[in-house]
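Same order as they appear, the protein sequences are chains A and B.
Counting in the numbering used here, the first sequence tops out at residue 224, every number present.
Counting in the numbering used here, the second sequence tops out at residue 618, every number present.
Treat the hints as calculated values from the structure; they're not laboratory data.
A hint or two may mislead.
Said to hold, decoys possible - Counterexamples of contact, computed for chain A against chain B with all Cβ distances above 12 Å:
hint : residue
1    : G111
2    : V178
3    : A222
Said to hold, decoys possible - Ranges between beta-carbon positions, derived for each pair:
hint : chain 1 : residue 1 : chain 2 : residue 2 : range
4    : A       : R218      : B       : R253      : 40 to 50 Å
5    : B       : T224      : A       : A222      : 54 to 64 Å
6    : A       : D184      : B       : T547      : 51 to 61 Å
7    : A       : L107      : B       : D242      : 22 to 32 Å
8    : B       : E453      : A       : D61       : 45 to 55 Å
9    : B       : A583      : A       : S87       : 46 to 56 Å
10   : B       : D346      : A       : L107      : 48 to 58 Å
Said to hold, decoys possible - Sample of chain B residues lacking proximity to chain A, with all beta carbon distances greater than 12 Å (derived):
hint : residue
11   : A234
12   : A236
13   : G243
14   : R246
15   : G330
16   : D377
17   : A406
18   : G462
19   : Q507
20   : V519
21   : R526
22   : G579
Using N, Cα and C, we set each Cβ at its ideal position, and we do this for glycine too.
Read off the chains here:
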Amino acid sequence: MDLPLRTVRGRSRVGGLRTGGEEHALDDGGELSPSAVPRSADEAVGVLYTAHWYPLVRLATLLTRDASMAEELVQDAFISLHRRWTSLADPGAAHGYLRTTVINNARSALRHRGVEERYRQPGPPEPAGPEERAVQATEDARVMAALRTLSRRQQEVLVLRYYADLSEQDIAQTLGLTKGAVKSHAHRGLAALRAALERAEVAGS
Amino acid sequence: MRDEFRLDAVPDDDPTATMLRTVLHREADAVQPSLDGLSRIRAEIARQAPGPGTRLLRRSAPLLAAAAVVLLLVGAGGLVVRWRGQTRDGAPVASGALVATMDQNEARSTPAATVPVYVTGRQGGRTVLFREFRATTADDEEHMVADAVRLAVTTKPLDPHYTTLFAAAGDTTVTAHVTGAQIKVDISPAPQPAPGVSKADAVIAAQQIVWTATAAASVAESGAGPTRGRDVGYKQPGLRPVSVTLEGRRGATLFGMSQLDRDPNPGMVRYAYLKGYQDPRADVWIGDVTHGQHFDRGHQQITGDAVSRADGVVHLVLYRNSQRIFATQLGLGTSEESGFTAAPKPGERGHWSIDLDLAQAGTYELLVWTGTGPEPALPDLTRAAAKPTPGAAAAALPDELNEIDSKVFVVG
Chain A
20 MDLPLRTVRG
30 RSRVGGLRTG
40 GEEHALDDGG
50 ELSPSAVPRS
60 ADEAVGVLYT
70 AHWYPLVRLA
80 TLLTRDASMA
90 EELVQDAFIS
100 LHRRWTSLAD
110 PGAAHGYLRT
120 TVINNARSAL
130 RHRGVEERYR
140 QPGPPEPAGP
150 EERAVQATED
160 ARVMAALRTL
170 SRRQQEVLVL
180 RYYADLSEQD
190 IAQTLGLTKG
200 AVKSHAHRGL
210 AALRAALERA
220 EVAGS
Chain B
207 MRDEFRLDAV
217 PDDDPTATML
227 RTVLHREADA
237 VQPSLDGLSR
247 IRAEIARQAP
257 GPGTRLLRRS
267 APLLAAAAVV
277 LLLVGAGGLV
287 VRWRGQTRDG
297 APVASGALVA
307 TMDQNEARST
317 PAATVPVYVT
327 GRQGGRTVLF
337 REFRATTADD
347 EEHMVADAVR
357 LAVTTKPLDP
367 HYTTLFAAAG
377 DTTVTAHVTG
387 AQIKVDISPA
397 PQPAPGVSKA
407 DAVIAAQQIV
417 WTATAAASVA
427 ESGAGPTRGR
437 DVGYKQPGLR
447 PVSVTLEGRR
457 GATLFGMSQL
467 DRDPNPGMVR
477 YAYLKGYQDP
487 RADVWIGDVT
497 HGQHFDRGHQ
507 QITGDAVSRA
517 DGVVHLVLYR
527 NSQRIFATQL
537 GLGTSEESGF
547 TAAPKPGERG
557 HWSIDLDLAQ
567 AGTYELLVWT
577 GTGPEPALPD
587 LTRAAAKPTP
597 GAAAAALPDE
607 LNEIDSKVFV
617 VG
C-alpha cells in the first residue's frame, strides 16, 4: 500500500552514518539532513536501515506481538520506500514514511490475523530466576495483557507516545488522525488501561 | 472534560503512564532483530527490479507497458484520474492506466482459510460488485483461484440483499492456470444468466470473474491465504489479465451478451482507474465483514470504502437486536486515486474506518450509506442473520437517493 509522505520526527539519537564509503548526516531525530541526502534509493535504504531497523522492528513487535511478522512488515516498508524514493518530495520525510508504513502494515496484518488474536494472552513469564526478575516479568505480562484489551487505535497511540516518545502532533501525522482524535484515544486508552490493571489486580488478589 | 485532556500534558509521574513507558521499553529491549535485515531487503529489491534478466521481466513483460503508463501519469501529475460514467461497450483490453494500490489491502484483509469472492447487488440504480469472504479448503494458488471463481458463479451470496446474475447450475467445473503474467480460467459448462439479466449486467458478471480471480491470486501470493506465501514475484494482481474460456473456447460470449477476451488480447482486467470504463464496485460498501460473521465481545474495527459525494462523508447506523443504538458520520480518508496521499475529491473513492465497542451480545446490523436522502430504513435482514441460508430469496435494496450497504453480524 502506498502511503502519504509526511515529515514526522522521531527522537531516537543517531549520528553520522557511513554507507558505501560516503558519510550521510542524520539529525538528532534520525532524519536525513537536506545537505546529505543520498543520491540513490539504494544508498537511502542503507542509511535509513542503519538508523531505524532496530527501533522499527521493536515498534512493530510491540504492535503485533510477533517478532518475525514485525521484521517482514519493516522489510516491506523499506522496499516500498525504495520504490518511491525518486518521487519523494521531501527525503527528510523518509523516516516518517517508514514509520507510517510499518504501523499501517501492522494494522492490516492484525486485522487479517483475526479479532481473537487481539486478545491473545502473552506467553508465560520467564522461568523463575532471581526474585526481582520474576516479579518484573509478571508485571510486564500484566501490563501488556491489559494493553491488549484496548482498541487497536488506542494501543497505537499509547505505544507511539510511551515507546516512540512522539508528541501529539507527530502521532496525529503518523496515524493520519486529528490532534483531537489522538487526545481522545490517549485519554480513553489510559483510562481503560488503568481500569484493566485494577481489574487484573483484584482478580489476582 | 475530554477536550481538556492533553496527551503532552500528562504528568511524568502519572503512575499508569510511567508503568506503561517502563514496560514498553523493557519489552522492546528484549526484541533482538535479526542482523541480516539489510541483505534481505536488498535481495528483495533486486528480485523486484524490472531489469534485464529478472524474473519480473520474464514473467510479466506484457504488463510492463501498462505499468509504464501508470508511472508516466503519476510522474506527470501525481494523479491517475478515473473516468466515471463513461462506460463503453466492447471487449476490455489489458492496457491503460490502472493503479492497483488496493490489491495489498485486499489480500491482507482476507481472513485465514477464506478466499475473497465478488458478488453482485443493486446500488444506485445499477448492478455493482460487492465482496464476501468464503471458506475454502484449497491448498494451492490455482485451486484457490478456481474455487473462488466456482463459488462466484455457482452459489448465491451469503448476504440476502445481494443477488446473483448466474442461473443455478448443476455440476460446474472451474479450472485455473496462474502465472505471473496471466490468469487463465475455464468454466464448463458455460454459465447461463439468471432471469432478467441485461447486457450491462453481463459485463458486470464478466468483471465479477475477473475481480474474483485476481483477488484470490493476490491472497495466495501475499501469504495471506492457505498457500502462505508462495512467491510468484507479482505484486499487482489488478494489472494481471484474466483470460476466461467457456468449455475450452476462447473468445466466447458470456450469457451471449458480453464478449470475453479474444486474440490478441491477453485477457480482461479490472475496470478501476481504467480510462473509458466505469468502476464496477459498489459506490459504498462494508469491506471486511461477512454476513452472519461471529465476533467476540469487545472492540472491533470495521472498515470499508465509498465514492465521495460532495459532503465527503459516509453515514453509519448500528442496530442491536433491531434497536437503533448508534449513529454517526465519518469523513472519508485518503483516496485510492491519489495513491492514498490525499482526501478524496467528489467522485473519488475514499476509505473509512470505525472502532466499535461491542460489549453486549446480540445480533447487530451495520448500515452504511452516502448521499443526501433520509436515513434508510433497516432492511428486514436481521431474522436471517444468525444462520445465513444458502439460496435465501434475494431482496435487493431499493434504488434510492442514497447508496447503501449493510451487514449483519453476531456478537457473543
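How the hints compare with the structure:
| no. | hint | in the structure |
| --- | --- | --- |
| 1 | G111 | holds, 17 Å |
| 2 | V178 | violated, 6 Å |
| 3 | A222 | holds, 17 Å |
| 4 | A:R218 / B:R253: 40 to 50 Å | holds, 49 Å |
| 5 | B:T224 / A:A222: 54 to 64 Å | violated, 23 Å |
| 6 | A:D184 / B:T547: 51 to 61 Å | violated, 26 Å |
| 7 | A:L107 / B:D242: 22 to 32 Å | holds, 26 Å |
| 8 | B:E453 / A:D61: 45 to 55 Å | holds, 50 Å |
| 9 | B:A583 / A:S87: 46 to 56 Å | holds, 48 Å |
| 10 | B:D346 / A:L107: 48 to 58 Å | violated, 38 Å |
| 11 | A234 | violated, 4 Å |
| 12 | A236 | violated, 9 Å |
| 13 | G243 | violated, 5 Å |
| 14 | R246 | violated, 6 Å |
| 15 | G330 | holds, 27 Å |
| 16 | D377 | holds, 33 Å |
| 17 | A406 | holds, 32 Å |
| 18 | G462 | holds, 40 Å |
| 19 | Q507 | violated, 6 Å |
| 20 | V519 | holds, 15 Å |
| 21 | R526 | holds, 18 Å |
| 22 | G579 | holds, 28 Å |
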